[in-house]
Amino acid sequence: METLERIIAEHPFFADLESYYTGLLAGCAANVRFHPGTYIFKEGEEANEFYLIRSGKVALELFAPQRKPIVVETLEDGDILGWSWLLPPYLWKFHAHATQDIRAISLDGKCLRAKCEQNHDLGYEVLKRFAQIMERRLEATRMQLLDVYAVR
Amino acid sequence: MATAVTTDPMLPQPYLVQSVSKETPDTFTLKLAPEEGANGSSFQPGQFSMLWVFGVGELPISISGNPAEHKQLVYTVRSVGQATNAFVTQRVGAGVGVRGPFGTGWPVDAARGRDVIVVAGGIGLAPLRPVIYEVLRHREDYGRLVVLYGARSPHDLLYRQELVAWARQRETQVLVTVDYGGMSWRGHVGVVTTLFKYARLKPSQSVAMVCGPEIMMRFVARELISHGLSRNDVYLSMERNMKCAVGFCGHCQYGPHFICKDGPVFAYEQMRPLLEKYEL
Numbered sequence: 139m140e141t142l143e144r145i146i147a148e149h150p151f152f153a154d155l156e157s158y159y160t161g162l163l164a165g166c167a168a169n170v171r172f173h174p175g176t177y178i179f180k181e182g183e184e185a186n187e188f189y190l191i192r193s194g195k196v197a198l199e200l201f202a203p204q205r206k207p208i209v210v211e212t213l214e215d216g217d218i219l220g221w222s223w224l225l226p227p228y229l230w231k232f233h234a235h236a237t238q239d240i241r242a243i244s245l246d247g248k249c250l251r252a253k254c255e256q257n258h259d260l261g262y263e264v265l266k267r268f269a270q271i272m273e274r275r276l277e278a279t280r281m282q283l284l285d286v287y288a289v290r
Numbered sequence: 281m282a283t284a285v286t287t288d289p290m291l292p293q294p295y296l297v298q299s300v301s302k303e304t305p306d307t308f309t310l311k312l313a314p315e316e317g318a319n320g321s322s323f324q325p326g327q328f329s330m331l332w333v334f335g336v337g338e339l340p341i342s343i344s345g346n347p348a349e350h351k352q353l354v355y356t357v358r359s360v361g362q363a364t365n366a367f368v369t370q371r372v373g374a375g376v377g378v379r380g381p382f383g384t385g386w387p388v389d390a391a392r393g394r395d396v397i398v399v400a401g402g403i404g405l406a407p408l409r410p411v412i413y414e415v416l417r418h419r420e421d422y423g424r425l426v427v428l429y430g431a432r433s434p435h436d437l438l439y440r441q442e443l444v445a446w447a448r449q450r451e452t453q454v455l456v457t458v459d460y461g462g463m464s465w466r467g468h469v470g471v472v473t474t475l476f477k478y479a480r481l482k483p484s485q486s487v488a489m490v491c492g493p494e495i496m497m498r499f500v501a502r503e504l505i506s507h508g509l510s511r512n513d514v515y516l517s518m519e520r521n522m523k524c525a526v527g528f529c530g531h532c533q534y535g536p537h538f539i540c541k542d543g544p545v546f547a548y549e550q551m552r553p554l555l556e557k558y559e560l
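Protein chains in written order, with the working numbering: chain C, 139 to 290; chain Y, 281 to 560.
Chain Y extracted, bound-state conformation:
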């Protein structure tokens, strides 16, 4: 369920950059804290913020931090254009504006008592990291946690140390793959769907949460269904060009949905007819 936005949703709140860390050659994680006197913001795993880089523009970015840490918001951003590059090159102490959080979250409450399958591709692990934190924080409330993560190459893997730490947790299986491996890579090579044969799944008692490029999500959703998951138990995080983030402007309309307000998390059952349309 979405957390209510208590202030004017169009008004950015002042935040300061607390730290910047390099995840991969083009991807960075920034921690932001509210300016003194400003209110912090809680969020649901899967929600996103609109980040203002003053003088440059605004970016919709999923929150990738721990929902239990209310004093800061964490974002992992890949530098692919002017605005994202301006954001990841912010210095510690710089001011940025934050609107939100916005949108629907992953069904972490509905998944209680069940196994959780997290399937991420590339930077898609960022919006799913809060789910992993949440499941590990309330370990007794969930069944097995299976994390399947694919990236383009070993250099593109996010959160390497955390992946190792998560794999050590009880009732948790973490499988990582890359599309192409160099000679020094000793892990799995193959697209993320090739990990399913090594995953210990109990489809009838599982909920799957998938995030990555849309085409990867299509392949993964098909794989999950072929393993016996119901379409209503597979959730995807969709991405479109979000501007206002509250369903006014229509920039992120996808079929009958506004991704910013009705999503970004949707059940595969809802998305399937749209994912298979060429025009959308």
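Pulled out of the complex, with its shape left as it was, chain C reads as follows:
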């Protein structure tokens, strides 16, 4: 049987994490499923969790007044969804829209924040991984801003 601990350990985001820590994470985790068309979260709502995507595709949407919403990024199998749970004011900045059937592990942000406060080694492991994701997404966003395919 697939335990939550094993699923977390096998997700690329937590690759090489010591089993003691995956055990701690599993205490805050739950299996979740979203059907296509569902909004997993919406901009401005409280960000109390993040997701390890096991399969499916999520579109991050941004709304601007008098413009059609645009999809600024999609996330798929092996990706991580959400880091607003990590930093105050713990509010989502985008809409997350399931465009396919999503299987994911949800991690309770409050539970995890409390564990990270108690165990700074765990906190460091978690932050290290999120910092890497943030760095990659920042670089991708810079490239997106350059609008490299536009006619000059």
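I should point out that these hints are in silico values taken from the structure, not numbers from a laboratory. Be aware that one or more of the hints could be misleading.
What the hints assert, rightly or not - Below, simulated SDA-like cross-link-like pairs (lysine to any residue); rule was C-alpha separation at most 25 Å, straight line:
id, chain 1, residue 1, chain 2, residue 2
1, C, 180, Y, 462
2, C, 206, C, 224
3, Y, 311, Y, 338
4, Y, 302, Y, 334
5, Y, 482, C, 278
6, Y, 477, C, 248
7, C, 253, C, 269
8, Y, 477, C, 219
9, Y, 523, C, 289
10, C, 231, Y, 463
11, Y, 477, C, 144
12, Y, 523, Y, 477
13, Y, 302, Y, 290
14, C, 266, Y, 479
15, Y, 523, Y, 296
16, C, 248, C, 186
17, Y, 482, C, 147
18, C, 248, C, 202
19, Y, 482, C, 180
20, Y, 477, C, 253
Starting from the structure of chain C, add chain Y where the hints point.
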């Protein structure tokens, strides 16, 4: 290796427009055939021609057709100015002049026995399409083919039907992304470098061929190197203002190189010091 130009390289050969097809709102593919009695021209994937639109001017355009089809030359052109607009609005049967092919090609022969990673951005897929044709035509000679393609939006994707057909070929992975997606787009959204995490790569046995805007190629080359490819196994197609196409005029000089004659395809190892210079 470049194909020898058998006629005077400065003398355009007469060709006729066989067909014009719209790829995107501003990009068109034209098929040209030599006028009766004129010789056709073979080419290496990655080479370019100088196309004369009579009375308007001359354009350097990469050949985007199938190297196995000797009876025609195919060009995909984005209409961004007077000359390109004049070219894409040619009617079927109209006459144009063709010089070339010129320049170095992609290392398709050297890549035999290895995996081929094709990374294209925007209209950069056009010069790489002949590589894909060549690998698929000699499928047994190559390992996996991985095509990573990024465009600005879903409306800007080239060769949509072919992308689907290529993805169905064995040992072939085709991943497509757009920088911004509308609500009806169900594919991947993100810059082309975000596709690498979904690509099944074997860096030590791969050769990568990259074409797109220069800044995109810089990001992609860095990504490929971080995945373990050697700088000598990453090839870029460079673009500068080409005029004579045979290294006489110097318009396309880039550092010590003439892009028209020494390129347009170069190993990243050769280009890296120049790509990082502000002045060039």
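Verification of the supplied hints:
Only pairs whose Cα atoms come within 25 Å are accepted, and residue 180 of chain C paired with residue 462 of chain Y is accepted, the gap being roughly 18 Å. For the proposed pair residue 206 of chain C and residue 224 of chain C, the alpha carbon gap of about 29 Å is over 25 Å, so the pair is violated. For a cut-off of 25 Å, the pair hint linking residue 311 of chain Y to residue 338 of chain Y stands: about 17 Å separates their Cα positions. Between residue 302 of chain Y and residue 334 of chain Y the CA atoms are separated by roughly 22 Å; this keeps the pair inside 25 Å, and the hint holds.
Under the criterion of a C-alpha separation no larger than 25 Å, the hint pairing residue 482 of chain Y with residue 278 of chain C is consistent with the structure, at around 23 Å. For the given pair, residue 477 of chain Y sits about 29 Å from residue 248 of chain C by alpha-carbon distance, which is inconsistent with the 25 Å threshold. About 18 Å separates the Cα atoms of residue 253 of chain C and residue 269 of chain C, which keeps this hinted pair within 25 Å; it holds. Restraint check for residue 477 of chain Y and residue 219 of chain C: satisfied, since their Cα atoms lie roughly 15 Å apart, inside the 25 Å limit.
Restraint check for residue 523 of chain Y and residue 289 of chain C: satisfied, since their Cα atoms lie roughly 21 Å apart, inside the 25 Å limit. Between residue 231 of chain C and residue 463 of chain Y, the direct Cα distance comes to roughly 18 Å. Compliance with the 25 Å bound is thereby established for this hinted pair. Distance check on the hinted pair: residue 477 of chain Y and residue 144 of chain C sit about 22 Å apart at the alpha-carbon level, within 25 Å; holds. Restraint check for residue 523 of chain Y and residue 477 of chain Y: the C-alpha separation of about 40 Å exceeds 25 Å, so the hint is violated.
Between residue 302 of chain Y and residue 290 of chain Y, the direct Cα distance comes to roughly 30 Å. Violation of the 25 Å bound is thereby established for this hinted pair. Restraint check for residue 266 of chain C and residue 479 of chain Y: satisfied, since their Cα atoms lie roughly 24 Å apart, inside the 25 Å limit. For the hint linking residue 523 of chain Y to residue 296 of chain Y, the alpha-carbon distance of about 22 Å falls within 25 Å, and the restraint holds. Distance restraint check for residue 248 of chain C and residue 186 of chain C: the Cα-Cα separation of roughly 6 Å lies within the 25 Å cut-off, and the hinted pair is therefore satisfied.
The straight-line distance between the Cα atoms of residue 482 of chain Y and residue 147 of chain C is roughly 24 Å, inside the 25 Å bound, and the hint therefore holds. Our distance criterion of 25 Å between C-alpha atoms is broken by residue 248 of chain C and residue 202 of chain C, whose separation comes to about 30 Å. Annotation: proposed proximity of residue 482 of chain Y to residue 180 of chain C is violated, straight-line Cα distance about 39 Å (limit 25 Å). As the CA atoms of residue 477 of chain Y and residue 253 of chain C are separated by approximately 30 Å, the hinted pair breaks the 25 Å bound.
Consistency with the previously given hints fails for numbers 2, 6, 12, 13, 18, 19 and 20, ordered from lowest to highest.
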